[in-house]
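Undergrad: Sequence:
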Amino acid sequence: MHRAFPITLTLLTVIPLLSEAKATHDEQKPETMAHRLLAERTTHLGERVEIQVQKGARHWDQCHALSAFLPENSTVQWGRMTVGIRCLNAPHTRYLQALIRAFGHYWVPRENLPAGTELTAAMLKRVEGELSALPRGALRERSQIIGKIASRPLRSSRVLQRHQLKSRPLVSRRQPVTLIASGQGFHIAREGLAMDEGTEGEKVRVRLHNRKILSGYVTGPSLVNIHPPTVP
Numbered sequence: 000m001h002r003a004f005p006i007t008l009t010l011l012t013v014i015p016l017l018s019e020a021k022a023t024h025d026e027q028k029p030e031t032m033a034h035r036l037l038a039e040r041t042t043h044l045g046e047r048v049e050i051q052v053q054k055g056a057r058h059w060d061q062c063h064a065l066s067a068f069l070p071e072n073s074t075v076q077w078g079r080m081t082v083g084i085r086c087l088n089a090p091h092t093r094y095l096q097a098l099i100r101a102f103g104h105y106w107v108p109r110e111n112l113p114a115g116t117e118l119t120a121a122m123l124k125r126v127e128g129e130l131s132a133l134p135r136g137a138l139r140e141r142s143q144i145i146g147k148i149a150s151r152p153l154r155s156s157r158v159l160q161r162h163q164l165k166s167r168p169l170v171s172r173r174q175p176v177t178l179i180a181s182g183q184g185f186h187i188a189r190e191g192l193a194m195d196e197g198t199e200g201e202k203v204r205v206r207l208h209n210r211k212i213l214s215g216y217v218t219g220p221s222l223v224n225i226h227p228p229t230v231p
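Heads up: the sequence shown at position 107 corresponds to 106 in numbering that gives the first Met the number 0, and the numbers run straight through without jumps.
Since the hints were made in silico from the structure, they are not lab data.
Treat the hints with care, since some could be wrong.
The calculated lysine-lysine pairs, modelled on DSS-like cross-linking and capped at a C-alpha distance of 25 Å, are [unchecked claim]: (1) Lys147 x Lys124; (2) Lys202 x Lys147; (3) Lys165 x Lys147; (4) Lys54 x Lys28; (5) Lys165 x Lys211; (6) Lys124 x Lys165.
As the structure is a prediction and not an experimental result, all values here were calculated from the model.
Given these sequences and hints, build the entire structure.
TA: So this is what it looks like as structure tokens:
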């Protein structure tokens with residue numbers, strides 16, 4: 000009966016070592032390496048991110064030093080992505096496909112709103128959903144919406160898109176405006192009447208007192224500049 004004790008002790012010692020070895024092996028799997036890399040690079044996409052990595056057709060059984068990387072010029076975003084896997088003692092690289100989904104909150108109208116409505120905070124409500132499933136041009140931040148004008152009727156609880164909203168006009172039709180032309184060593188300002196409505200950066204026509212019509216770009220309230228605004 001006393002002989003069984005050393006054998007049992009040996010088995011209890013080996014089992015944790017086997018578990019640690021298996022955990023280390025799992026951590027070195029290509030799929031695990033790819034998932035870890037994407038998890039580190041996608042925290043900015045939403046409040047919760049789901050990553051599914053497609054299992055590779057083959058594994059490097061003799062590789063003990065895997066490393067994951069993103070192909071050059073890759074932009075980390077939701078949707079399908081490619082992750083490269085290198086083995087330091089192998090001459091070639093393999094690639095795995097991954098699907099990234101992001102979840103978080105965004106803002107939608109509380110009720111139907113007619114065209115021409117200026118949106119306020121009270122008109123919006125916060126909802127949770129899959130950000131990666133929203134249409135292109137969706138406005139997620141409340142600051143992108145408040146103060147904008149509905150260019151068309153808006154539906155309750157529907158995500159707002161950039162083309163559905165416009166900024167408040169800085170120049171109205173038939174409004175007196177100042178038309179400015181400036182450059183190196185000169186600055187000319189003429190008074191006129193706007194023939195179009197326009198927000199900042201939009202091109203409008205201005206009729207001067209001599210009835211000559213010139214075009215320019217809205218740069219501020221009642222201000223139109225002959226030259227287009229410079230892009231920073």
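Undergrad: Each hint needs a verdict: does it hold in this structure or not?
TA: Now the hints, each set against the structure:
Restraint check: the Cα-Cα separation between Lys147 and Lys124 comes to about 16 Å, which is no more than 25 Å; the hinted pair holds. The straight-line distance between the Cα atoms of Lys202 and Lys147 is roughly 19 Å, inside the 25 Å bound, and the hint therefore holds. For the hint linking Lys165 to Lys147, the alpha-carbon distance of about 6 Å falls within 25 Å, and the restraint holds. Note on Lys54 and Lys28: the hinted pairing holds, with a Cα-Cα distance of about 10 Å set against a maximum of 25 Å.
Distance hint between Lys165 and Lys211 is unfulfilled; the C-alpha atoms sit about 29 Å from each other, more than 25 Å. The straight-line distance between the Cα atoms of Lys124 and Lys165 is roughly 20 Å, inside the 25 Å bound, and the hint therefore holds.
In the structure shown, a violation is registered for the earlier hint numbered 5 alone.
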